[in-house]
Amino acid sequence: MLFVELRFFFVFAVAFAVYWSLRSDRWRKLWLLAVSYFVYGSWDWRYLLLILASTVLDWFAGNGAAPGKPHRKAWLWASLVGNLGMLGFFKYYNFFVESGSDLLRWLGFGVDDYTLAILLPVGISFYTFQTLSYTIDIYRGKLEPSERFTDLALFVAFFPQLVAGPIVRAVQFMPQLTEKRTWAQHVPVRSSLAIFLYGFVKKSVVSDQFAPIIDQVFSDAGAHDSVSVWIATLLFQVQVYCDFSGYSDMAIGLAGLLGYSLPRNFLFPYFARSFTNFWQRWHMTLGAWFMDYIYFPMGGSRGSLTRTRVNLFTIFLISGLWHGAAWTFVIFGICHGLFAVVERGGFKEWLSRAPLRLGFVYTNVLWLHTMTIFRADDMHACAHLFGRMYGFGADAAGATLSISRWWALAALGFFVVHAFMYKLEVLERSAKVPVYVFAALYGLAWALVIPWIASDYTPFIYFQF
Amino acid sequence: MRRLAPVLLFLAVFVPTSLLMGALVPWPSEYGVRSKWEYWQAHKTEFDAVFVGSSATSYGLIPPDIDRELAARGHELRTFNLGIGGMTEFEADHMVRAVLDEAPPNLKYLLIEVSGWGARVYGGKQAHLSPRLLYWHTPEMTLDALRACFRGDRPDAGAWYLEPLPLLWNAFLANFVVAGEAGPEAEGTAGAWNRFLAGLRLPVRSDEDWRLASARLHAELCLHELTGKGQGARIVSGLLGLDAAEVLPTAAELRREGGYIDLDHIEGDEWQAWRAEFLGDLEGYTQRVRAITAANEQPIPVEGHSAAYWFTKQVEAARAKGVEPIFYFGPRTASSPLAYRLAEAGVLPTFFGFNRPERYPALYRFENHFDENHLTRSGAEIFSKLLADALADHLDAERKE
Chain E
1 MLFVELRFFF VFAVAFAVYW SLRSDRWRKL WLLAVSYFVY GSWDWRYLLL ILASTVLDWF
61 AGNGAAPGKP HRKAWLWASL VGNLGMLGFF KYYNFFVESG SDLLRWLGFG VDDYTLAILL
121 PVGISFYTFQ TLSYTIDIYR GKLEPSERFT DLALFVAFFP QLVAGPIVRA VQFMPQLTEK
181 RTWAQHVPVR SSLAIFLYGF VKKSVVSDQF APIIDQVFSD AGAHDSVSVW IATLLFQVQV
241 YCDFSGYSDM AIGLAGLLGY SLPRNFLFPY FARSFTNFWQ RWHMTLGAWF MDYIYFPMGG
301 SRGSLTRTRV NLFTIFLISG LWHGAAWTFV IFGICHGLFA VVERGGFKEW LSRAPLRLGF
361 VYTNVLWLHT MTIFRADDMH ACAHLFGRMY GFGADAAGAT LSISRWWALA ALGFFVVHAF
421 MYKLEVLERS AKVPVYVFAA LYGLAWALVI PWIASDYTPF IYFQF
Chain Y
466 MRRLAPVLLF LAVFVPTSLL MGALVPWPSE YGVRSKWEYW QAHKTEFDAV FVGSSATSYG
526 LIPPDIDREL AARGHELRTF NLGIGGMTEF EADHMVRAVL DEAPPNLKYL LIEVSGWGAR
586 VYGGKQAHLS PRLLYWHTPE MTLDALRACF RGDRPDAGAW YLEPLPLLWN AFLANFVVAG
646 EAGPEAEGTA GAWNRFLAGL RLPVRSDEDW RLASARLHAE LCLHELTGKG QGARIVSGLL
706 GLDAAEVLPT AAELRREGGY IDLDHIEGDE WQAWRAEFLG DLEGYTQRVR AITAANEQPI
766 PVEGHSAAYW FTKQVEAARA KGVEPIFYFG PRTASSPLAY RLAEAGVLPT FFGFNRPERY
826 PALYRFENHF DENHLTRSGA EIFSKLLADA LADHLDAERK E
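The listed protein sequences derive, respectively, from chains E and Y.
Going by this note's numbering, the first residue of the first sequence is number 1, and it counts up by one from there.
Going by this note's numbering, the first residue of the second sequence is number 466, and it counts up by one from there.
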């Protein structure tokens, strides 16, 4: 069930109405938990077994890992091994088995593939990181173990952000579950509604509209001319941002209407002037998670410059693999690790001061190329794409199809609108608009947006992660 | 009340603006829907009779020929062919209502091709969301389509049958980890265990009742139609007059042929493939034609039949506007026993059945057919003459009365 589907609007309307009509906070939370399981289970009921297993594991691990408890380190390890074990099995088993078999075959050993047809649960990478944060934060003494299993279950399964973030850490969310939510105190109505609409437009009007063109080109780059491939890569740059940040915005808006605050996940990343700055604006909650739970424990930037660079590179390598079990994601991570390494030590500062917005150009051009790797089906397809873009390789001839140049204009048009939103701080200002003016403008905006919704829904790109 | 005021204000702006957006969506530019409709609208006072129906009408009836035949029989009428290829029952009903809504005083006859009033929606998702399926989903038409969904016979889907017991472990094996060696065909303990589990069966229901799926789709399409969902580009191009003109038929062709489209000169691989398929199976065609006559004689109880409800409604709507409805069935290889029984029962006040090879053999000669259900120009000329004769007979009888 996607946030942009009509049926989701009905489900949310019912969930919202029942939620705020219940007086007891405990019943409200139980109701939200039931709705969360219903929404997640609507993808596939089998997913519920895993998320429940993960919750039960961390319920016991969290209680066992609290300061002062015996064997608390063992409980921490139990959580790490259990959660990462599930993630590893369901997401990475085939990748490692295939890669290992390929390597052994390359070395001359005769081996068979032992791959399995494994179901990849939607959003497993997201909720695994959330459950891990719960036990780790308790182990570190930053959080008390939850008194109620259902509170922990709601934290793990909270439907607005369950399948594609923002990744909410336990210290950010669990305290909200212990304080009764009230409409007057906890619901920023106008900003929640505005950010939901903004996310909806990004996903349903921009991303879904571009999707068929991008899929057509990326599925068979060899059949398209060079300009078409360039346009498709440009469109993908817009699509992936709108798709992912659109989901995050809608999640923040929905959670806000239920009285819960989620951290911001995007901050106009395409206006960054370096990759260091870019990653502080793109999928910010993942970056923060890696910083807190991996980078700082590794020593962060406290050691030598070389050590800091090694730490940064490691983080980006893991981040690449987090996105998916494929070599394209590993290469994507390596590229960004290298950018971070290069920028550390003065280049980043130079970029931020460079004339003619060189930092902006550098970031966006290289991002476009790494996103081409990210989007390619495999390394072979990736080579085809770059071959077509730069006119090399065996497939340089034979392109027959071309896509309309209007799509390039549409992508550029998006950047202009985006810049407008950024400079005028439209979202921030929405909360200050008088309530009746807001209501009228909101009605007008929805009526004008609906005709521009793409005729078909496409799943969120980040659901696969 | 004060809390609700912003919500009411939101609705007060949203609803009318959204309805306006929906109203601005132009009719689809496919198979001549829009060009024929706009031509008829612009010249409606010139025509005394209109044909509404599917491709059998669009590619089968030549209004200038019909007018000439009628004139020869002493009836000065001008007819127009509003038939559209692929027109479904409810879409045709929408066209009938649109014609009646705008009926000029001189419109005397509405000739409607008989259909089966099926509300099932076929085709993939893209077909579901096509402008063609969208434009007729007005609230009134949608309610009718919903009624038709649930007046339809209960389908076989929904019957109970037995399937393997979905034990948790079996589900895990089957759903999470489907390794080739873990299936029932595998050797050893795993295979034996899975064969055992597969042997345990529970009664379960089969797949979804199509009526629910179709009803849901009709309701969704109605919302799309009302709000213009996904139709932004068409709204803007319609407002600015930028939408591409339909390839067929052109205004000159409409003027010359009165809405008839000549398949002898149609272009497109799809059409040529259908023609080749027809010419490659003339033996099968002949057998199917032979079966029509007997099939037309089948007894069908019309009392309480859902189709009777729709036809009665259509007849009443036409008569309320002072227009006489006349129904017909074209020379297709399909039988139409229901139409004949409805005509005998008086539900269809006037009905011309042309799917009678024993009576109209020329209409079934394969040289007059483009494909199984469509006529060539020579076939259309014969069909037009026969229909004009039937209509003239009917008008003569009316005069006598």
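In short, the hints are calculated from the structure, not lab data.
All figures in this text were calculated on a predicted structure; none of them were measured in a lab.
For each residue, glycine too, the CB sits at the ideal point set by N, CA and C.
Any given hint could be a false lead.
Claimed, not checked - Here are the in silico distance ranges between beta carbons for each label pair:
{"#": "1", "chain 1": "Y", "residue 1": "Trp736", "chain 2": "E", "residue 2": "Val437", "range": "48 to 58 Å"}
{"#": "2", "chain 1": "Y", "residue 1": "Leu484", "chain 2": "E", "residue 2": "Val437", "range": "57 to 67 Å"}
{"#": "3", "chain 1": "Y", "residue 1": "Thr715", "chain 2": "E", "residue 2": "Ala13", "range": "16 to 26 Å"}
{"#": "4", "chain 1": "E", "residue 1": "Gly85", "chain 2": "Y", "residue 2": "Ser595", "range": "19 to 29 Å"}
{"#": "5", "chain 1": "Y", "residue 1": "Arg824", "chain 2": "E", "residue 2": "Leu448", "range": "55 to 65 Å"}
{"#": "6", "chain 1": "E", "residue 1": "Asp44", "chain 2": "Y", "residue 2": "Ile765", "range": "42 to 52 Å"}
{"#": "7", "chain 1": "E", "residue 1": "Gly391", "chain 2": "Y", "residue 2": "Thr603", "range": "47 to 57 Å"}
{"#": "8", "chain 1": "Y", "residue 1": "Ser702", "chain 2": "E", "residue 2": "Arg7", "range": "29 to 39 Å"}
As the list claims (entries may be wrong) - Derived contacts from chain E toward chain Y, CB cut-off under 7 Å, selection only:
{"#": "9", "residue": "Val417"}
{"#": "10", "residue": "Trp446"}
{"#": "11", "residue": "Tyr457"}
Said to hold, decoys possible - With the C-beta cut set under 10 Å, the calculated list includes, among others, these residues of chain E facing chain Y:
{"#": "12", "residue": "Val240"}
{"#": "13", "residue": "Pro297"}
{"#": "14", "residue": "Met298"}
Going down the list of hints, with the structure as the test:
Trp736(Y) and Val437(E) have their C-beta atoms about 56 Å apart, which keeps the hinted 48 to 58 Å range intact. Separation of Leu484(Y) from Val437(E) is about 22 Å and departs from the stated range, judged on CB atoms against 57 to 67 Å. Checking the proposed 16 to 26 Å range against Thr715(Y) and Ala13(E) shows it is violated: the Cβ atoms sit about 49 Å from each other. Range check, Gly85(E) to Ser595(Y): Cβ separation about 48 Å, and the 19 to 29 Å hint is violated.
In this structure the hint that Arg824(Y) and Leu448(E) lie 55 to 65 Å apart at CB holds, the actual value being about 58 Å. At about 45 Å, the beta-carbon gap between Asp44(E) and Ile765(Y) stays in the expected band of 42 to 52 Å. The beta-carbon spacing between Gly391(E) and Thr603(Y), approximately 53 Å, falls within the hinted interval of 47 to 57 Å. For the pair Ser702(Y) and Arg7(E), the supplied restraint of 29 to 39 Å holds, since their beta-carbon distance comes to about 30 Å.
Checking Val417(E) against chain Y by beta carbon gives a least distance of about 15 Å; that is not within 7 Å, so the hint is violated. For Trp446(E), the interface hint holds, the least distance from its beta-carbon to any beta-carbon of chain Y being 6 Å, beneath 7 Å. The beta carbon of Tyr457(E) comes no nearer than 9 Å to any beta carbon in chain Y, farther than 7 Å, and the hint placing it at the interface is violated. Hint status for Val240(E): violated, given a least beta-carbon distance of 22 Å to chain Y, over 10 Å.
Interface restraint check for Pro297(E): the shortest CB-CB distance to chain Y comes to about 33 Å, outside 10 Å, so the restraint is violated. Interface hint status for Met298(E): violated, as the beta-carbon distance to the closest one in chain Y is roughly 34 Å, over 10 Å.
Hints 2, 3, 4, 9, 11, 12, 13, 14, counting from the list given before, are not met by this structure.
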